[in-house]
Structure formats: C-alpha cells, structure tokens
Amino acid sequence: MQAVLDNLDEVLKGFGYTLFLFLVCAVASLVLGTVLVAMRVGPIAVLRLLATTYVSLVRNTPLVLIFIFFHFAAPIIGINFRWVQVHIGTFDFTSAFATAFVALSLYTACFVCEGLRSGVNAVPMGQAEAARAIGLPFGGVMTQVVLPQAMRASVPPVASALIAMLKNTSVAGVFFLAEALAVMRGLTNDNASQRLGIFLCFAVGYIILVEIVSLISLSLERRWRTA
Amino acid sequence: MAASVLFDAPGPATRRRHRIYTVVASAAILAAIGYALWKLNDDGQFEYALWEPFLTPDYLRALILDGLVDTVTMAVFAILGAVVFGFVFGVAKMSDHAFVRWPAWVVVEFFRAMPVLLLMIFVFFMWFISMQGSFLWIDQRSGFFSVVIALTCYNGAVLAEVVRAGVDAIPKGQAEAAYAIGMRKSQVMTIILLPQAVKVMLPAMISQMVVALKDTSLGYAVAAPGLTKVGQAIYKEFHNQVQAAIVLAVLYVGLNLLLTALATWIQRRFVGENKIDVVTVAAGIESQSRA
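Protein chains in written order, with the working numbering: chain L, 7 to 233; chain B, 682 to 972.
FYI, nobody ran anything at the bench for these hints, they're computed from the structure. A few of these clues could be false.
As the list claims (entries may be wrong) - Covered by chain B, per the in silico footprint, the following chain L stretches (three or more residues, Cβ under 8 Å): (1) 86-93; (2) 129-140; (3) 143-152; (4) 212-224.
Claimed, not checked - Stretches of chain L that chain B covers, calculated by requiring three or more beta carbons in the stretch to come under 8 Å of a beta carbon on chain B: (5) 7-13; (6) 18-28; (7) 105-115.
All values reported here derive from a predicted model rather than from experimental measurement. All C-beta atoms in this analysis are idealised placements derived from N, C-alpha and C, irrespective of residue type, glycine included.
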C-alpha cells in the first residue's frame, strides 16, 4: 500500500496510458465494427462472407497471439510502427502504444460488430414493414424507424465489448507498454512484502474504470429507453 | 437474405447495381489477397526452411503434446474449477441470508470487473514464482497453477452470474409448486431449480470454455506451458515468427470453432430459444429494456 502511495505519480501515469489506449481503441473499434456490421447485414454476398470470415477468425484467436503477431511477426514482413513518435506532456506514444492500438482495435471490432448486429436483429420485421406501408421512403425507414431501435438495443452488448476491451488493455503491459499492469509488475518486483496491497490498489483502479464505463452505458440505455 | 429489416427485396435496377458492387468488391478482395501472397513470397516467407519445423515429426509432437495438450489441460482444470466456483457463489448470491449474499456479491463483482491478467500475475508473484517441479504431464507447474487459479476465479465469477441467470429463467411456478408439496429451500434449489437451470446454462458454459481456452494464452506473461510457449520456443530458434503465428492461430481457431459448434448443437438439441448472453453477463450489464 505504502509503495503505491510513494509512487503515486507513476501509478497514475500507468492508468493514464490505460485510459488513453481505451479511448482511442474504443473510437477505432466502433468505427471498424460499424463498417463490418454494414458489410455483414448488407445485401452484397461477397462482403457478407468477408465480414463473417473476419469475425469468426479474429474472435477465436487469442489476443496474446495477435499481439505476438504484430510485435514479432509483422516487422519481418515490413509492417512496423517505429515511425509513430508522438509526445504529449509526459506521455510517449511510440511503437508499443501503436501496436497495442492496432491489435486491440482489430480484436475488439469483431465483438462490436456482433453487438451491433444483435441490435439490428432485435428490431422486429413488422416495424420496417409498417414504416414502408405508411409510405416512408428508404431513408425515412432507416433514420426514423429501424436504426433508432437498433441502436438502443445494441447499447448493452457494445458496452460489454468495450468493457472487455478495457480489461484487455492490460495485455499491452506485457508487450512493452508502461500502462497500469506493467507499473504493477514493476512495483511488486521492487516491494515484495507489499504485493497484496499493491495488487488490491490496481485491481480497485481497474474496477473503478470498468464501473464508470458501465454507468455510462446504463445511463445511455435509460435515456434512450422507450416510454 | 430476403427477409431483412434493413431493405426490401431488390428490383431489377438494384440487382444490377448489386452485381456491380459484387464484382468490384471481389476484385478488391482478390487483389488484396494476391498482394499479400506476392509480398510474402517476395520476402521469402514461403521458403521451405521456415515452414520445416511444422512438418518435422519431433516439433509437431512438441506442438501437439506439450502445446495443445497442456493448453487444453489448463482450460479443462480452469473450467472445472470455475463451474464449482460458479455454482457455490451463484447459489450464495441468491441466498435469503444477507450475510451470505453480500460477501458472495463482493467476491463475484471483484473477480469479474478486474483484468484476469492482473490476477494471474499477482498469483504468480505471490505464491508460485519460486516453485519448481512438474504436475501430472505438465513440466512447469508454477505457470500452470497461476493460469488455472486466475482463470478459475474469473470464469467462476462469470459462471456465478450465468447460474443466477439460469435459475431466473425457470418459471416461478416450478419453485412455488415445490414449496407447495412441502420441500425445503435447499431441496427446491438442488432438486427442482438447479437441474433445470443447468440445461439452460450449458451453451453459455461452453461459450465460456472458449473464453477460458483463449485466455490460457495469457500465461505468456507468467511463462506458463501451452501452445503459445511452444510456438515461442520454435520461433525463437528458427526465426520464423510469421509462420509460427499462422500455425498457432490455425490451432487455436480450429479448437475454438469445434467448441462453438458443440455449443450451437447443444443449444439446438437440448435448450431451444432460451439463451443466456455470456458477453453481456460477463460485463455485468443487463438489459432493462427487454424485461
């Protein structure tokens, strides 16, 4: 416990990296997941096949393996992120961060895609048919009837995917990023007698972040709930 | 895909447009695959020497016996522990006594909201870092135990929620009828509710096995045995990282697809429509809008 208080700036910086990584990956995986789900529920069979293959391949691959691929295999075939050199304040966003960003986003996108798809599937057929029957054009059917309901229904599964991703950012700590888990590993090495206290502090830190995300999701769901 | 909420059955003009999209998309996909293959070939990644370890009987034996078997062993132990953990804490969470219910709630929430890797590393440094020796057919038991304990706690916490959701899914009349014929609380739970809940829970449990199997690879952080470790040893020796990653991915994906197919079959054969969404349960977000 004392060790955490003594190194509070380092600990906070670790959680800062975790939070940054979560935010950028959340944006990227939401965008990529939306593209994937558009391909997956769209009318073009080839794109549907592509998205389905991507999702079933990536969701069954362990995240660690994706990290290993981007860290150790990809540089051999010329994919590397050594050109990423962004420094904001005391935070350095270099290749470790960029690699974690790419791996996590590609991995999470397929779970986001699944969440969005379950939202679309939750809208009953009759809704779209009724909208067409009263003469709404395609754009009207989408923007007024189908998508609002689909979005509402996909809040819980998408939020779950993002929460899982927030916990998965810890994997980046094993792959050279100095985020919270890596800081904890350093502290437990240096302060062997305080392992339990250090562990509890970091666990609580992660739990607070997770609870914040799930509170946001709950309030969104509540706000968009139908009367 | 005729029956989709999103679009009507296409007319002739739309079908023509779709054909154009199909051709363009296919061309783009083929071009991308072609470029990837050309690039790999250009870098000499198809050279036999790099693939040789995965065709050599000794290395294949290591990959299957030390890798796949250890990974599956870890997953099986973890899931068995998790089932016990899940039933104990799932039932405890439904207890009528607050002094049982609240501690169980705290334990479940704690393990569920925390990264499993954090727990794994803590367990490893706390108890197993200096442990030597083997366990059953596993060479290094230190990493093995860290992975199994961490995964037991995490997946157990998720399964505790699955147990609760499973019991909730049983019609109220079942418990009421059981009380009416004079059963006690423990009898209602063990004779009436849990047996029926298990049926509803089975697919969710198998999905959780897929998660556990994937998460065994987190043992990378504590030098645990398994596929990832063997793959790492191979690519460190032969510098064939690309090939090793591809082979490992094929093994993991194949194993997981088998499990998923099993879950789907069980769902269709034994359970029917009544489905527990593990992902949502794992994150602790339950939909209120569809109550």
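At a Cβ distance under 8 Å, does chain B reach at least three residues of the region 86-93 of chain L?
violated (count 0)
Residue count check for the region 105-115 of chain L against chain B: does it reach three with CB-CB under 8 Å?
violated (count 0)
Taking 8 Å as the C-beta cutoff, is the stated coverage of the region 129-140 of chain L by chain B satisfied by three or more residues?
Held - the region 129-140 of chain L has 6 residues with a Cβ nearer than 8 Å to chain B, which meets the minimum of three.
Proximity test - 8 Å, beta-carbon atoms, the region 212-224 of chain L to chain B, at least three hits
holds (count 7)
According to a criterion of three or more residues whose C-beta lies within less than 8 Å of a C-beta of chain B, is the region 7-13 of chain L covered?
With 0 residues closer than 8 Å to chain B, the region 7-13 of chain L misses the three-residue bar; violated.
8 Å C-beta criterion, at least three residues: is the region 143-152 of chain L covered by chain B
holds (count 3)
Closer than 8 Å Cβ to Cβ for three or more residues is the test here. Does the region 18-28 of chain L pass it with chain B?
violated (count 0)
Of the numbered hints listed earlier, those contradicted by the structure are 1, 5, 6 and 7.
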